[in-house]
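Participant: Dock chain Y against chain W, hints included.
Here is how the chains run, residue by residue.
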Amino acid sequence: LAKTTQPISMDSYEGQEVNITCSHNNIATNDYITWYQQFPSQGPRFIIQGYKTKVTNEVASLFIPADRKSSTLSLPRVSLSDTAVYYCLVGDTGRRALTFGSGTRLQVQP
Amino acid sequence: NAGVTQTPKFRVLKTGQSMTLLCAQDMNHEYMYWYRQDPGMGLRLIHYSVGEGTTAKGEVPDGYNVSRLKKQNFLLGLESAAPSQTSVYFCASSDPFGGSGANVLTFGAGSRLTVL
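First to last, the protein sequences are chains W and Y.
Terminal number for the first sequence in my numbering: 110, no gaps in between.
Terminal number for the second sequence in my numbering: 1116, no gaps in between.
Calculated directly from the structure, the hints in this document are not laboratory data.
Take these hints with a grain of salt, some might be off.
[As the list claims (entries may be wrong)] Listed next, the in silico SDA-like pairs over lysine to any residue satisfying Cα-Cα at most 25 Å (straight line):
#, chain 1, residue 1, chain 2, residue 2
1, Y, Lys1009, W, Thr83
2, Y, Lys1057, Y, Asp1026
3, Y, Lys1057, Y, Ser1018
4, W, Lys3, Y, Gly1058
5, W, Lys3, Y, Val1050
6, W, Lys52, Y, Phe1097
7, W, Lys69, Y, Gly1042
8, Y, Lys1009, W, Ser41
9, Y, Lys1057, W, Thr99
10, W, Lys3, Y, Asp1062
11, Y, Lys1071, W, Thr99
12, Y, Lys1057, W, Gly101
13, W, Lys3, Y, Thr1055
14, W, Lys54, W, Asn30
15, Y, Lys1009, W, Ser102
16, Y, Lys1014, Y, Gly1040
17, W, Lys3, Y, Asp1038
18, W, Lys52, W, Ser102
19, W, Lys3, Y, Gly1042
20, Y, Lys1057, W, Thr5
21, W, Lys69, W, Ser79
22, W, Lys3, Y, Glu1059
23, Y, Lys1071, W, Arg45
24, Y, Lys1057, W, Asp31
25, Y, Lys1009, W, Phe46
[Stated by the list, open to error] If the Cβ cut is set under 7 Å, some of the chain W residues that face chain Y in the computed set are:
#, residue
26, Tyr32
27, Thr34
28, Pro44
29, Phe46
30, Gly50
31, Gly91
32, Thr99
33, Phe100
34, Gly103
[Stated by the list, open to error] Quick list of the computed label-pair ranges, beta carbon to beta carbon:
#, chain 1, residue 1, chain 2, residue 2, range
35, W, Thr83, Y, Pro1008, 27 to 35 Å
36, Y, Met1027, W, Gln16, 31 to 39 Å
37, Y, Met1041, W, Thr21, 19 to 27 Å
Here a beta-carbon is modelled for each residue, glycine too, at the ideal position from N, C-alpha and C.
The following block holds chain W by itself, in its conformation from the complex:
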């Protein structure tokens, strides 16, 4: 199982770009990187998934360097509503037992 390491918490202000990095030094060849967002009292919600280079959707971008030992979730121009916990998961797409790390608690201030 690829172990992931994320910062425990981050602070930002509205309108700023936020980058959350996840380290996964022992990522396997077949592993994908998936990010989730969790608001208080809600279940986590899928944000973005990638294998290499850059992936972008309407919510975020995911940057993955060539060695794939880390990944960076980028949230452009955050708002107060982006205050949440963000989780990074690493595993192959057929993986059966998905374990979450502690996540990064993002606090966005006015």
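Facilitator: Leaving out everything else, chain Y in the frame of chain W:
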């Protein structure tokens, strides 16, 4: 399309009582999971299922049992509840054969359980 539905949403138990949490998904997903989340903590995997009639242990299975008699339902049982099982329980499902694979989970809204 309701996604993943958990019942009940809230429950208070006394120590030693038993109960069952029900998870139902209407997406025809093959994999289903039960997680628990304690206040301020991440999610921990209790049990999971890779198909109808199959179950497997996760990180913290002790004190819980599960059953997947139908593909769309995954039940989590507490035979003798303990205060340490006070938590929010989340059910999730995924489609390992879909375009995004097993890593893309759809979660339910959670079931908040308090054991006195």
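Participant: For each hint, tell me whether it holds in the structure or not.
Facilitator: Quick rundown of the hints versus the structure:
1. Lys1009(Y) <-> Thr83(W): holds, 24 Å
2. Lys1057(Y) <-> Asp1026(Y): Roughly 24 Å between the alpha carbons, so the hint for lysine 1057(Y) and aspartate 1026(Y) holds.
3. Lys1057(Y) <-> Ser1018(Y): holds, 20 Å
4. Lys3(W) <-> Gly1058(Y): Holds. Lysine 3(W) to glycine 1058(Y) sits at ~16 Å (cutoff 25 Å).
5. Lys3(W) <-> Val1050(Y): With a Cα-Cα distance of about 22 Å, the restraint between lysine 3(W) and valine 1050(Y) holds, given a limit of 25 Å.
6. Lys52(W) <-> Phe1097(Y): Holds, because 21 Å separates the two Cα atoms, which is no more than 25 Å.
7. Lys69(W) <-> Gly1042(Y): holds, 22 Å
8. Lys1009(Y) <-> Ser41(W): holds, 11 Å
9. Lys1057(Y) <-> Thr99(W): Status holds; Cα separation ~12 Å.
10. Lys3(W) <-> Asp1062(Y): holds, 23 Å
11. Lys1071(Y) <-> Thr99(W): holds, 22 Å
12. Lys1057(Y) <-> Gly101(W): Within the cut-off at roughly 18 Å; holds.
13. Lys3(W) <-> Thr1055(Y): holds, 24 Å
14. Lys54(W) <-> Asn30(W): Measuring from Cα to Cα gives roughly 17 Å; hence the hint holds.
15. Lys1009(Y) <-> Ser102(W): Holds - the C-alpha atoms of serine 102(W) and lysine 1009(Y) are around 24 Å apart, at most 25 Å.
16. Lys1014(Y) <-> Gly1040(Y): Holds, at about 24 Å.
17. Lys3(W) <-> Asp1038(Y): Roughly 21 Å separates the two Cα atoms, so the pair holds.
18. Lys52(W) <-> Ser102(W): holds, 23 Å
19. Lys3(W) <-> Gly1042(Y): Within the cut-off at roughly 14 Å; holds.
20. Lys1057(Y) <-> Thr5(W): Status holds; Cα separation ~24 Å.
21. Lys69(W) <-> Ser79(W): The hint is violated at about 29 Å.
22. Lys3(W) <-> Glu1059(Y): holds, 14 Å
23. Lys1071(Y) <-> Arg45(W): holds, 22 Å
24. Lys1057(Y) <-> Asp31(W): holds, 22 Å
25. Lys1009(Y) <-> Phe46(W): holds, 22 Å
26. Tyr32: Tyrosine 32(W) check passes; min Cβ-Cβ to chain Y is 6 Å, inside 7 Å.
27. Thr34: holds, 4 Å
28. Pro44: This hint holds: proline 44(W) lies near chain Y, its Cβ roughly 5 Å from the closest one there, short of 7 Å.
29. Phe46: holds, 5 Å
30. Gly50: violated, 11 Å
31. Gly91: Because about 6 Å separates glycine 91(W) from the closest Cβ in chain Y, which is inside the 7 Å limit, the hint holds.
32. Thr99: This hint holds: threonine 99(W) lies near chain Y, its Cβ roughly 5 Å from the closest one there, short of 7 Å.
33. Phe100: It holds, given that the least Cβ distance between phenylalanine 100(W) and chain Y is near 4 Å, below 7 Å.
34. Gly103: holds, 5 Å
35. Thr83(W) <-> Pro1008(Y): 27 to 35 Å: Given range 27 to 35 Å: holds, Cβ gap about 28 Å.
36. Met1027(Y) <-> Gln16(W): 31 to 39 Å: holds, 36 Å
37. Met1041(Y) <-> Thr21(W): 19 to 27 Å: holds, 21 Å
This entry does not satisfy hints 21 and 30, going by the numbered hints stated previously.
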